[in-house]
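So the sequences go chain by chain: V and G. Throughout, the numbering used here is defined as the position within the first sequence, counted from one, plus 302. Throughout, the numbering used here is defined as the position within the second sequence, counted from one, plus 302.
Keep in mind that the hints are not guaranteed to be accurate.
Identical copies go unnamed one by one, so any copy, or any two together, can satisfy a pair.
Calculated pairs, SDA-like style, for lysine to any residue (alpha carbon to alpha carbon, straight line, at most 25 Å) [said to hold, decoys possible]: (1) K686 with S614; (2) K836 with V920; (3) K534 with V501; (4) K836 with R929; (5) K682 with E692; (6) K836 with S824.
Honestly, the hints are just simulated from the structure, not real lab data.
2 protein chains.
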Amino acid sequence: MKGNISGSAAIQRILSAAALITAASIAAAQAPPSPLSPLALMPLPSSITRGEGAFTVTPAGGGPSTFTYNYGQTHDARLEAAVRRALIRLGRTCGGEVLRSTIDHPTPTNASLLINVAAPGEPVQTLDEDESYELRVTSEGATLTAPTDLGAMHGLETLLQLATTQQGACVLPAVTIHDEPRFRWRGFMLDVSRHFEPVGAVERTLDGMAAAKLNVFHWHLSDDQGFRAESKKFPRLTDVAAEGEFYTQDQLREVVAYARARGIRVVPEFDMPGHGSSWIMAYPDLAPGKPIKTLPVVYGMPTAVLDPTRKSTYKFINTLVDEMGRIFPDAWFHIGGDEVQGEAWLADPEITAFMKKKGYDKPAQLQAYFNQQLEEILKKHDKKMIGWDEILDPALPKTILIQSWRGEASLSDGARQGYQGILAAPYYLDGQKSSAQMYLADPVPTDTTLTTEQQKLILGGEVCMWAEQLNTETVDSRVWPRTMAVAERFWSPQNDRDVSDMYRRLRINALKLEDVGLRHISGPETVRRNLLLKRDPEALDVLASVLEPVDFHARSGLQHTNGWTALDRLVDAVVADPPSRQQVAGEVEAIAANITVPPPADPKLQLDLSGDVPEGSVPSREAAFRRLRQRFLSWQAAETRLLEDVQRTPRISDAGARAEQLGELAEIGLSSLAFLESHTAPPPGWQEKQMITLDAAAQPSALVRFTVLYSMRKLVLAAAAQTDHGR
Amino acid sequence: MKGNISGSAAIQRILSAAALITAASIAAAQAPPSPLSPLALMPLPSSITRGEGAFTVTPAGGGPSTFTYNYGQTHDARLEAAVRRALIRLGRTCGGEVLRSTIDHPTPTNASLLINVAAPGEPVQTLDEDESYELRVTSEGATLTAPTDLGAMHGLETLLQLATTQQGACVLPAVTIHDEPRFRWRGFMLDVSRHFEPVGAVERTLDGMAAAKLNVFHWHLSDDQGFRAESKKFPRLTDVAAEGEFYTQDQLREVVAYARARGIRVVPEFDMPGHGSSWIMAYPDLAPGKPIKTLPVVYGMPTAVLDPTRKSTYKFINTLVDEMGRIFPDAWFHIGGDEVQGEAWLADPEITAFMKKKGYDKPAQLQAYFNQQLEEILKKHDKKMIGWDEILDPALPKTILIQSWRGEASLSDGARQGYQGILAAPYYLDGQKSSAQMYLADPVPTDTTLTTEQQKLILGGEVCMWAEQLNTETVDSRVWPRTMAVAERFWSPQNDRDVSDMYRRLRINALKLEDVGLRHISGPETVRRNLLLKRDPEALDVLASVLEPVDFHARSGLQHTNGWTALDRLVDAVVADPPSRQQVAGEVEAIAANITVPPPADPKLQLDLSGDVPEGSVPSREAAFRRLRQRFLSWQAAETRLLEDVQRTPRISDAGARAEQLGELAEIGLSSLAFLESHTAPPPGWQEKQMITLDAAAQPSALVRFTVLYSMRKLVLAAAAQTDHGR
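If we strip away everything but chain V, and leave its shape as in the complex, we get (with noise of 0.2 Å):
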């Protein structure tokens, strides 16, 4: 087996002292690796073949191992990096203690892995690029097949995922991939007007991109809270309007070089004519009214919004078009164009003159107008715009791309006057929907009405981080993994819809993406840490492993957030759609699988989603007893210490409320176990007693929302059925 050094040598010295572990580790590896346990890839391929046996990266006990590389027709510094990126990953997973590659260029020899790339990719990265590749794995080694360096830097991260423990040993199963996207536009936008992210957070975040075969970065870089470009040209955009909070020249081109070597484009916007307040703030000549003295931090629309009848404002743009353009060599340039208020407008005598002499009488005209002669400069710069539903209008030429916040609806009318569009609305991460919910949102749904032509102008979509409730701390855990589902049904064929195992695969990828550098796992532990200064917060753990933050609006209604508002909170310390509504599912399914549960009385309740079950998610009976009354007792338990952490640590004052619940919900399960275990009906009222209890759970308070009340409700309403000794 290639891939092995012999090094039993060495495998004795650096085990000694664990000989029993040892011997039995080797003698695991001498076996052959069992062939068939399911994969975890995400997004799943096109295609995939299972083959016998694995290639063995490093033998079982993790000994030294040798993993070599070829190029067997030609490669250029860009895929030379991803391969040693790679493999440096590849030996974090193995653990080899000397992994090492060796290049071998240009005679391919009998390497662990052969690379085959026909052509590096165009000098700057295009929506047409080819990016399949072709994966074979033996127990000889890998060959890894593409067109260019895209289609194999998705190759890699595929391998990657395909390293997996057996016995012991770490390997890759024997398996034939052949992969390409179904969507060519598969990004993802962030916000760093709102709240300003600095270049580490940008970079790990393009690096899950990478690993989710996502290949569009969408930085949105302006809003009325701040303008985070420096521009050489109009310095005081960020002098005067990002409170320090920018990108300097030298690190926009560092992130653009990092993408690119990621097989990522980034596609800036620079939102115009709304959403403008920086702008003007900068440069009071671009609007009409009154200069703006200080950055709004109150979120929302604010009215401000440039003047698209003066030249000078055509000028300045033009201007920055040409900066910018050239830091950022995408063809394409979002202009925003989103929620402009055309009151600025209607207020100003000249602008109002300038419309009645055009002939327009809604201000959406006029931003038509202004989007026509963005068009033109765009297109004097080599590049094709891209903005929000709003630039949808016919006066504008078919060669621009609509981005929908609107939704499907909106996305589909556009295909139909036959604009390029791609979907967000589904994919806004501070929704805070589950992974399943976004996952199931398809750009182009299996029951559209579209024709197969105008299908083709969909071209993909985004998952949206908007800032107005993120910052430094929360941002990984706000986009990972959630991002991931949405990345492989941007990528995956059309009929991927099995959710059970989408999550499976998503739990496992989300642990990787952390060894990956990401910190969606361990940031809300930090965060909890540091609410209580506790070396341990583990009661906390406890609650926040069934809480999930309620969405952008709920909270925007409750916290009256705005630029000021601290965004560390029990919120904050939370995470959408954690693991725990699945398991208490499964669990509880398990005893009760014959329970319907109807929807609350009261319809306005924010309920928890329903309880879907993962399959294989669901153990014995005997188990789900166990683990549901340890869970119960740990609720208990939590709730005591909790309320004395509360009451020492003003800064999770809000989870008193909470933490009382989970005593509640842990007392009500406990009884329910009680009467379904001793097949006892309970006295009666028992049942509506526990429903008001649940009902005022399902309450908005500290933010959050609790993940397990149907999966309680139906517990309940189990236990409620039984009748004495009823078995």
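Starting from the known structure of chain V, arrange chain G on it as the hints suggest.
Coordinates of chain G only, in the frame set by chain V:
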């Protein structure tokens, strides 16, 4: 009470669902907070007097509050920014919903905090600046008085450490503090050559330094393994000798500004004439001998050395000092000067001819000549020379400063010859010594034989973090919290040597440092999760809690570390001096106070430290039995799971032996407890058998050592001392 707004309506709204708690908390807030719970200031101030009562920052229940501040005298942008940062942190600590500051300059009113600063600091911070401050807190508010920003910033850190929770309210206890540092040079050195650290890691380290009142960041920017500072004059230094990992000049300036904003000087080190492989690889003409083709990844003392006989060498250095001297405005410039290997000089005919002409027969004399020329160059650029021990030579003027890596004796020698010095040797973090060991080492020990005048030449010391065995994932946990203990040595009065109290305060401030953004607790947790790819690696956490890394030399010897070595093993997931040593020691002390532990039979055994028991950490005998039993049971459970994990996960293959030993320790502990509780004598030979097992656990394995063997030994001896029913 100022600082409380009435706001009871708001409190009710926030906590309406937790009526019980709210009511209790509000009642508690109205009672005066208990005045004299112990403070946790670190470093300890020169003088502190406790007063009556406290100033309430936020009331019980964490409701809204307004914390206001004024400037009584003057202020500048630096102080303003520092105050704002401090208030954000105070808001985090106190959990104020809308903690806001108002600036009411220049008329002092009855603000929560009155800041009196006589003048801003020097434009470039100097060694001699007054860093003193005075902080008075009464129930009416706080007053911070300082000659300059520097003292005021130190006072703000003290104020933040004062903030504490009493009966649900967040308060500043009444106190009068007069404070000033014992030493003027309180440094921290970071090696970024052996492994690079990104700007983010450097900046959060500076945040930690500011919290610890350290004032010199010594940046080891060049070594054999890489030149990390961009030079526009000599671009090859980073083009070819940094593998892409270096700081741009913008980044260097950013770090200098970040440090200045926190009262920290930045002293760059460019190590010469030895440790210069990176320079010589980039510019071969700088050195005798053959050109260097690749950076030496193997650590040690390569023989590459600059040529002190060529004029061109000094021209190069002059240009570099000029360029870097502008980026680093500090008066001091560190020229390294350590571990110069003379072989290359002695092998070069021109150099030996030069030496002969000068009458030198030893390389050290040639180095002294080199340093003389260097000193002239530095003087020309208004820089003072600092270097390691080896630069000490009578040929050099008394204005130079010696940094002693050789230890206290070498430092004192220098002072006797009239040279200024700072102490580094006892503060090498990769020595993996305990906080107590490092804390007790004193630049001027009480038993010094130096005269008072000579003592004045000792300016302070530096904690040093070398990076052969360090990466970005581990830097926080290697540096913190131990550096805070040394920072206290540098700042606080000489007679502050209460190890127990130091640890009490260190544990509290370690948690606060995490809240500042450091990752010394969450970082190793993440490494452990990633090692296992397990969401909750609790068994590994249990094992890690009783392990610490072996020291630098032991690890080098066992792992043959070099630049390629992956630093992602068990040793990288454990920290020096974890709390377990003292916890177990305290528990065993409660049971076996009368037992003396002799040294182990084999003097070569690398035993853990003696089980020093911090005051107040000895529980009742009953609690000790309970806690130890729980502890040993958790060790037992962890062993079982870990042996599975080790099989499954090649990356921690080397943890197998340690896991088995953990199980053995658990068994020893449980059987010892059984004899002790039942007052039963163990059978003959029992003690010897346990000691053999304990000795085996003290053998090197997996690059880690146990922290509890001393106490386990003591427990065994206590059990062995039982006589049947000897109650």
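**OP:** Check K836 against S824 for me: Cα-Cα at most 25 Å, and say if that holds within a copy, between copies, both or neither.
**Re:** For K836 and S824, both the intra-copy (15 Å) and inter-copy (12 Å) Cα distances are at most 25 Å.
**OP:** Can you give me the call for K682 and E692, within, between, both or neither, at a CA distance of at most 25 Å?
**Re:** within (23 Å within a copy, 64 Å between copies)
Subject >> Up to 25 Å CA-CA - R929 versus K836, copy category >> reply: between (27 Å within a copy, 19 Å between copies)
**OP:** Evaluate K534 and V501 at a C-alpha cut-off of 25 Å and name the case that applies: within, between, both or neither.
**Re:** Close inside one copy (19 Å) and across copies (23 Å); limit 25 Å.
Original post:
How do K686 and S614 come out at 25 Å by Cα distance, when the copy is not named: within, between, both, or neither?
Top reply: Only inside one copy: K686 and S614 sit 22 Å apart there, 54 Å across copies, limit 25 Å.
Original post:
How do K836 and V920 come out at 25 Å by Cα distance, when the copy is not named: within, between, both, or neither?
Top reply: For K836 and V920, the Cα distance is within 25 Å only across copies (21 Å; inside one copy 35 Å).
Against the hints set out earlier in the document, no violation occurs for any number.
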